[in-house]
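When you get a sec, could you build the whole thing from the sequences and use the hints?
Line by line, the protein sequences are chains A and B. As numbered in the numbering used here, the first sequence has no gaps in its residue numbers, which increase by one up to the final residue, 356. As numbered in the numbering used here, the second sequence has no gaps in its residue numbers, which increase by one up to the final residue, 644.
Don't read these hints as lab results, they were simulated from the structure. It cannot be assumed that every hint is accurate.
Using 27 Å as the maximum straight-line C-alpha spacing, the simulated DSSO-like pairs for lysine-lysine come out as follows [said to hold, decoys possible]:
no., chain 1, residue 1, chain 2, residue 2
1, A, Lys102, A, Lys185
2, A, Lys62, B, Lys496
3, A, Lys21, B, Lys597
4, A, Lys341, A, Lys204
5, A, Lys134, A, Lys185
6, A, Lys134, B, Lys532
7, A, Lys317, A, Lys292
8, B, Lys539, A, Lys105
9, A, Lys134, B, Lys539
10, B, Lys539, A, Lys21
11, A, Lys102, B, Lys539
12, B, Lys539, A, Lys185
13, A, Lys292, A, Lys258
14, A, Lys105, B, Lys532
15, A, Lys131, B, Lys539
16, A, Lys121, A, Lys62
17, B, Lys539, A, Lys121
18, A, Lys258, A, Lys294
19, B, Lys532, A, Lys131
20, B, Lys532, A, Lys62
21, A, Lys102, B, Lys532
22, A, Lys21, A, Lys62
23, A, Lys338, A, Lys258
24, B, Lys496, A, Lys21
25, A, Lys341, A, Lys21
26, A, Lys338, A, Lys292
27, A, Lys131, A, Lys105
28, A, Lys258, A, Lys317
Each chain, written out:
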Amino acid sequence: MPLLTLENLRKQFAPDVIPVKDISLTVADGEFLTLLGPSGCGKSTLLRLIAGLDQPTQGQVKVGETDLTTTPPGDRNMAMVFQSYALYPHMTVAENISAALKIRKIPSMEIRQRIGEVADKLGLTHLLDRKPGKLSGGQRQRVALARALVRNPDVFLLDEPLSNLDALLREQVREELKHIFNAQKKPVVYVTHDQTEAMTLSSKVAVLLDGRIQQLDPPSRIYTHPANRFVAGFVGSPQMNFLALQSQGGVGTLGTLKLPLPNGLGDRPTVDLGVRPEDIYLTPTGEEPTLKGKVTLVENFGREQLVTVQFGEGSSKIRAVIPPEQEWSGDHVGLSLKAAKMHWFDSKTGDRLSPT
Amino acid sequence: MLKVQSPTTTKTLISPGRLLLWVGVILMVGFCLAPVLWQLLTSFKTNAAISTIPTIYWPNWNQLTAAHYIGLGGEFLRYMGNSFFVSFISTCLCLVVGAPAAYSLARLKIPGENIILGLILIVSLFPYVLLFLGLLEIVKAVGIGNNYIALIVPYTAINLPLTILVLRSFFQQLPKDLEDSAKMDGYNTVAMLQHIVLPMTIPALVTTGILTFIFAWNEFIFALTFITRPEMETIPVAVAKIGGASVFEIPYGPIAAATVLGTIPLVILVLLFQRRIVQGITAGAVKG
Numbered sequence: 001m002p003l004l005t006l007e008n009l010r011k012q013f014a015p016d017v018i019p020v021k022d023i024s025l026t027v028a029d030g031e032f033l034t035l036l037g038p039s040g041c042g043k044s045t046l047l048r049l050i051a052g053l054d055q056p057t058q059g060q061v062k063v064g065e066t067d068l069t070t071t072p073p074g075d076r077n078m079a080m081v082f083q084s085y086a087l088y089p090h091m092t093v094a095e096n097i098s099a100a101l102k103i104r105k106i107p108s109m110e111i112r113q114r115i116g117e118v119a120d121k122l123g124l125t126h127l128l129d130r131k132p133g134k135l136s137g138g139q140r141q142r143v144a145l146a147r148a149l150v151r152n153p154d155v156f157l158l159d160e161p162l163s164n165l166d167a168l169l170r171e172q173v174r175e176e177l178k179h180i181f182n183a184q185k186k187p188v189v190y191v192t193h194d195q196t197e198a199m200t201l202s203s204k205v206a207v208l209l210d211g212r213i214q215q216l217d218p219p220s221r222i223y224t225h226p227a228n229r230f231v232a233g234f235v236g237s238p239q240m241n242f243l244a245l246q247s248q249g250g251v252g253t254l255g256t257l258k259l260p261l262p263n264g265l266g267d268r269p270t271v272d273l274g275v276r277p278e279d280i281y282l283t284p285t286g287e288e289p290t291l292k293g294k295v296t297l298v299e300n301f302g303r304e305q306l307v308t309v310q311f312g313e314g315s316s317k318i319r320a321v322i323p324p325e326q327e328w329s330g331d332h333v334g335l336s337l338k339a340a341k342m343h344w345f346d347s348k349t350g351d352r353l354s355p356t
Numbered sequence: 357m358l359k360v361q362s363p364t365t366t367k368t369l370i371s372p373g374r375l376l377l378w379v380g381v382i383l384m385v386g387f388c389l390a391p392v393l394w395q396l397l398t399s400f401k402t403n404a405a406i407s408t409i410p411t412i413y414w415p416n417w418n419q420l421t422a423a424h425y426i427g428l429g430g431e432f433l434r435y436m437g438n439s440f441f442v443s444f445i446s447t448c449l450c451l452v453v454g455a456p457a458a459y460s461l462a463r464l465k466i467p468g469e470n471i472i473l474g475l476i477l478i479v480s481l482f483p484y485v486l487l488f489l490g491l492l493e494i495v496k497a498v499g500i501g502n503n504y505i506a507l508i509v510p511y512t513a514i515n516l517p518l519t520i521l522v523l524r525s526f527f528q529q530l531p532k533d534l535e536d537s538a539k540m541d542g543y544n545t546v547a548m549l550q551h552i553v554l555p556m557t558i559p560a561l562v563t564t565g566i567l568t569f570i571f572a573w574n575e576f577i578f579a580l581t582f583i584t585r586p587e588m589e590t591i592p593v594a595v596a597k598i599g600g601a602s603v604f605e606i607p608y609g610p611i612a613a614a615t616v617l618g619t620i621p622l623v624i625l626v627l628l629f630q631r632r633i634v635q636g637i638t639a640g641a642v643k644g
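Structure below.
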């Protein structure tokens, strides 16, 4: 029953360099946890702490009931896929895959059988005798994956395994990864800065910033209920619009924009409104628009067009996703916001505010 | 019907640019090899042919001889053996001591690392003309004159700074992910160094090893000073001691023959390992 548990993990390199600050979480069997965050948020360091490549300053790493905090990485029965793949250049693909098994003194019959199975699954059978130098990027990536799978580890750790692939291949491998790890029934910890990977692959996402977990939730909830301004802005593309509203008597204002505030938010002097571009639409004729503004930029993605609208007397901007077939006349448009899809944040702390 | 032009016909056409390149290459190689070829030619010419003016560039059969080589005698093989022994042992020692030092300097965060590196560099700044009188005193005091230890230890010491600095920069550019990966696979430190790091280090070891070997092979002053028994001499000393029948004769032929013989092992060595030197086997380890 491997169940990866992290308790109050902290890593401190220098008095003011603390990439991981007090992180606790659990990853159950078959769960796919993604550590998502911008560069320098501590996600790779956290993965190295789990792997045992770095020792935590404080806290524990457990698999099941066993405390592995001081166990060397080789004895943890965890497999890791590195961003650079880290294949041994002087060994063939087969030797690369079997290296960890040979060290564990597994009989050579079984090793051969397991290599055969995993090579078959990943389509590497015809490459087994080649050296990594003779492989393409995608093939190296598969070898790195095979090296992890062949071990039947208790925990899988993946450090940005797709970031060195080109865009098309990345999409394809992402799909394969999902199939493979769905079948594994083991805890998977996946590090990435790519929100698409995080959203599509994971059963749970931990958004990290400055060594702290900002939110730990399933991908859909991260998207619909971001815990704070940072998460709201980091997850979702195109990025969420943020508007700083002045609040007066239950009404938030920004320039000409006036919005009734939900219950319980009216007693603050200022409040931040977040609304995703896809939750803004062109006001149909006959309705009163929430705001009016001047179109300053139209980016056509084919599937949709991203319209940047300047409104109010200041330079407030808002971006809206509009279906490609919709048109408007002149360079002024009226926009409406979906009230149910509005997110409210404390303008000081950035925390999510829930209407009561 | 569509005619397909065979690719071979296009390849046989030589563009003027390519021709110029090859002429340039041949001239350059000729220029670099000229002294060696000259030495080789001299070693096979008879004494009369060597001293003839105008110089004979293309000798006929009568002007060629192997006498200079035969004249060196069997003891020259012995000198070569001596040289080989001293150079080989000091090279091995140099790598065995230097590689771990370089690895630690590259991987560990040692306080005062820069000071250590500075000290290593300073050692290599001493001209060894300055050192050898002091070393001679030490050799005398310890009583290892006429012992190869007296050559091996100084050669190793003089070559260590270069070895450490070259290997350190090599280790620094080895991807650290490979070592992490090896740790995840379950290699302990010794096994990791042996099975993962060492095979990738071979090109660097061979390159620095050859430099060290060539230095030891060519070294003259220590070999002249610390070794006085004729049968223990190394090649540079032996060549220097080749004398003519009288003080008025310079034995060009025998000296040329001796230098050619002395160079051959080095040439063989470099040719043998050139693939190792040129090819970087780290290719393919990480995304390249």
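Status of the hints after comparison with the structure:
no.: 1; hint: A:Lys102 - A:Lys185; verdict: holds (24 Å)
no.: 2; hint: A:Lys62 - B:Lys496; verdict: violated (64 Å)
no.: 3; hint: A:Lys21 - B:Lys597; verdict: violated (74 Å)
no.: 4; hint: A:Lys341 - A:Lys204; verdict: holds (22 Å)
no.: 5; hint: A:Lys134 - A:Lys185; verdict: violated (33 Å)
no.: 6; hint: A:Lys134 - B:Lys532; verdict: holds (21 Å)
no.: 7; hint: A:Lys317 - A:Lys292; verdict: holds (11 Å)
no.: 8; hint: B:Lys539 - A:Lys105; verdict: holds (16 Å)
no.: 9; hint: A:Lys134 - B:Lys539; verdict: holds (25 Å)
no.: 10; hint: B:Lys539 - A:Lys21; verdict: holds (25 Å)
no.: 11; hint: A:Lys102 - B:Lys539; verdict: holds (14 Å)
no.: 12; hint: B:Lys539 - A:Lys185; verdict: holds (24 Å)
no.: 13; hint: A:Lys292 - A:Lys258; verdict: holds (11 Å)
no.: 14; hint: A:Lys105 - B:Lys532; verdict: holds (26 Å)
no.: 15; hint: A:Lys131 - B:Lys539; verdict: holds (21 Å)
no.: 16; hint: A:Lys121 - A:Lys62; verdict: violated (30 Å)
no.: 17; hint: B:Lys539 - A:Lys121; verdict: holds (26 Å)
no.: 18; hint: A:Lys258 - A:Lys294; verdict: holds (17 Å)
no.: 19; hint: B:Lys532 - A:Lys131; verdict: holds (19 Å)
no.: 20; hint: B:Lys532 - A:Lys62; verdict: holds (26 Å)
no.: 21; hint: A:Lys102 - B:Lys532; verdict: holds (22 Å)
no.: 22; hint: A:Lys21 - A:Lys62; verdict: holds (18 Å)
no.: 23; hint: A:Lys338 - A:Lys258; verdict: holds (14 Å)
no.: 24; hint: B:Lys496 - A:Lys21; verdict: violated (64 Å)
no.: 25; hint: A:Lys341 - A:Lys21; verdict: violated (32 Å)
no.: 26; hint: A:Lys338 - A:Lys292; verdict: holds (15 Å)
no.: 27; hint: A:Lys131 - A:Lys105; verdict: holds (23 Å)
no.: 28; hint: A:Lys258 - A:Lys317; verdict: holds (15 Å)
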